[in-house]
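Guided by the hints, dock chains B, C and D onto chain A, whose structure is given.
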Amino acid sequence: MLEAIDLQCTRGERTLFSGLDFRLRGGELLRIAGANGSGKTSLLRLLCGLLAPAGGSVRWHGEDIRRLREEYWGRLVYIGHANAIKDDLTAAENLAIACALGGHRVAAGALRSALDQLGIGGSEHRPARVLSQGQRRRVALARLALSEHSPLWILDEPFTALDARAVDIVQEMIASHVARGAAVVYTTHVELEIAVAVALRIDLGAAAV
Amino acid sequence: MLETAVFVIRRDLLLAMRRRSDVLTVLLFFVIVVSLFPLGVGPEPALLRTIAPGVIWVAALLASMLALSRVFAQDYADGTLEQMLLSASPLSVIVAGKVLAHWLMTGLPLVLLAPVLALQFDVPQNFLGELMLSLLLGTPALSLIGTIGAALTLGLRGGGALVALLVLPLYIPVLIIGAGALDAAAAGLGAGAHLLLLGAFLVMAAAFAPWVAAVALRIALE
Amino acid sequence: MSSGINWFKFSSPASFYPLAKKLAVGFGTLAVVFCAVGLYIGFFMAPTDHQQGESYRIIFIHVPAAWMSMFIYLVMAFWAGMGLAFNTRLSGMMASALAPTGAMFTFIALWTGSLWGKPTWGTWWVWDARLTSELILLFLYFGFLALQAAIDDPRRADRAGAVLALVGVVNVPIIYFSVKWWNTLHQGASVSLSSAPTMATTMLIGMLVMVFGFWFYSIAAVLMRARCIMLERERNSEWAAQYLESGA
Amino acid sequence: MNWGSWSEFFAMGGYALYVWGSYAVTAGLMVVELILLVLRRRGILNRFGGKS
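Read top to bottom, the protein sequences are chains A, B, C and D.
Numbering-wise (this note's numbering), the first sequence opens with residue 1 and increments by one.
Numbering-wise (this note's numbering), the second sequence opens with residue 1 and increments by one.
Numbering-wise (this note's numbering), the third sequence opens with residue 1 and increments by one.
Numbering-wise (this note's numbering), the fourth sequence opens with residue 1 and increments by one.
To be clear, the hints were calculated from the coordinates, so they are not data collected in a lab.
Here a beta-carbon is modelled for each residue, glycine too, at the ideal position from N, C-alpha and C.
Don't take every hint at face value.
To be verified - Pairwise CB distance ranges, derived in the manner of DEER restraints:
1) S176(A) with W239(C): 49 to 55 Å
2) S11(C) with G74(A): 34 to 40 Å
3) P124(B) with A52(A): 55 to 61 Å
Unchecked claim - Keeping only pairs whose Cα atoms sit at most 20 Å apart, straight-line, the calculated DMTMM-like set for lysine to aspartate or glutamate is:
4) K21(C) with E33(D)
5) K180(C) with D183(B)
6) K21(C) with E238(C)
7) K21(C) with E245(C)
8) K180(C) with D128(C)
9) K21(C) with E232(C)
Same shape as in the complex, but just chain A (with noise of 0.2 Å):
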């Protein structure tokens, strides 16, 4: 359960938002809003302990995530603007090491079914700088097939540079990992409705001034 406690975050001497409360549970699905340079990565990265907060605190189940750490980390999974892609790796290649650094072995099977299900599978072995910014962007998002076991998703404007069907894919998968039971905090500029029981938005506004 991810809890955000009168939280500020700041950015040069410019307040981006402050005084934030949220609570997240697992099996609820949360989308960040807001203008361009309203705060809406800062915000995800103040979740994932990336930023330290200007004020106020971020919680995974009561505990500050400053001090759980490696703990917090493990547990979660984070996508974001960049797509953590080594041009001179090959696809699996790229998404083996990000499940190894999440804290998991996979099995070079599992690689090629999570790249089939985001419709990359035949690229597996090409080098990652052949492949377009869509391609690419599903080999880092091939990774959410492989963390079924993640409480929880962070995901920073995911959508971006899919097509229509890689959309519905992905947010099929956010849906499905939401059922679960999972927490999802998500940002994105795509209209679009996600099937969950509980959606909540927090929308950060205009950007600030």
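Leaving out everything else, chains B, C and D in the frame of chain A:
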């Protein structure tokens, strides 16, 4: 935990093998810098013999520093570094893995190449052992300290020169002890004391540098 | 902590800013007084040195500058550690405020050291262990200043600078002993400053008074710079607005 | 008093260049530092202060 580090080491070595040119440029830089000195100082063997340890050590130091920016820069640019910060295993272990991979690609080749260059400086054969041993202990310490500089200056303007300014003062003890080892050997005193000191320095650097670099990385990626 | 004084009250820039002005003025005047007294003792009371004649009088600024260069680096590392440990904004500002003054004193120590070396040992630069370590300390200061200058975000600049300062302060003794060892190894080639003049009491008093003079000067200069940094970084906050208006 | 006359004082036993060279640079640097600080402070007040 170590599993992840082994994974990172294999990944970095795999990446290096796929882009061998980066590794070669560092080695060629080392060879060229060492070969410049006789051209500048003159070919008399006696003189070359005395300056050989210093020249080889300074060149090794500059070569390993040149390669430093590559430890994190590429990972920072494509987002993999962010994933390392969010890994289930401690960041310092991952950083230690990356430093080891970095040293295997840039430090170890220098150690193997140095004796060949030493012959250019008419260094007697029986000192080649000391030379290799001192570099074998010294270059990993240089890579470890250098990684802290690379982490602190991640994504900053003035990259290479800034890292040099940060890291060179910290390299000085290693340079003094390392180059001194060969002078002591040449003077017949034996390089034992120096090599032990270098070993002690390496152990201290190995214990603290990965952790400090991890702290610096978290600061850089805030 | 100590009785009565609530350190955390002054740890926020807003409450420390006015206090810093009073301290700066106070220590500034103290510095002028101590330096005047020190120079008077140094030039008019201390006798001529039988070996070095009058050139030894450079000691009255060389030694204080060298001590201050080392002392300021340690204080800088202290504030850096505090900044990293307690995440207080003021600690980072103090570390940034200390660095330029420390670098200046290091340069002064080197400059006066070489001007003292010329008449005494015939060369402008002596590869003595202390002077060489002082030179390396100057590189450490430049590294800190360059790192902070290269980072725009003040928070990251403070924390990155703090890490560098702490790594530096751990390495200073290592550098000093390795340089000292290197100096003794090549004893033939270099002359060391170990033959310091035997200190008559008035010479010693003069030097110590100058040390305090430089110390108070440093406090005043650093507090002035800290105030500038506080205003620059917190110009948008309301406490700074009132000072920006009134120019206090 | 060590010095017979002011000129003797400035000659500094023949070491005038070294002693006064050191003191001049030291005093100069300290004064320059203070001037830079005052200018920096005035710059801040002009840039950020003044407007209502």
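Out of the numbered hints, which ones does the structure contradict? none
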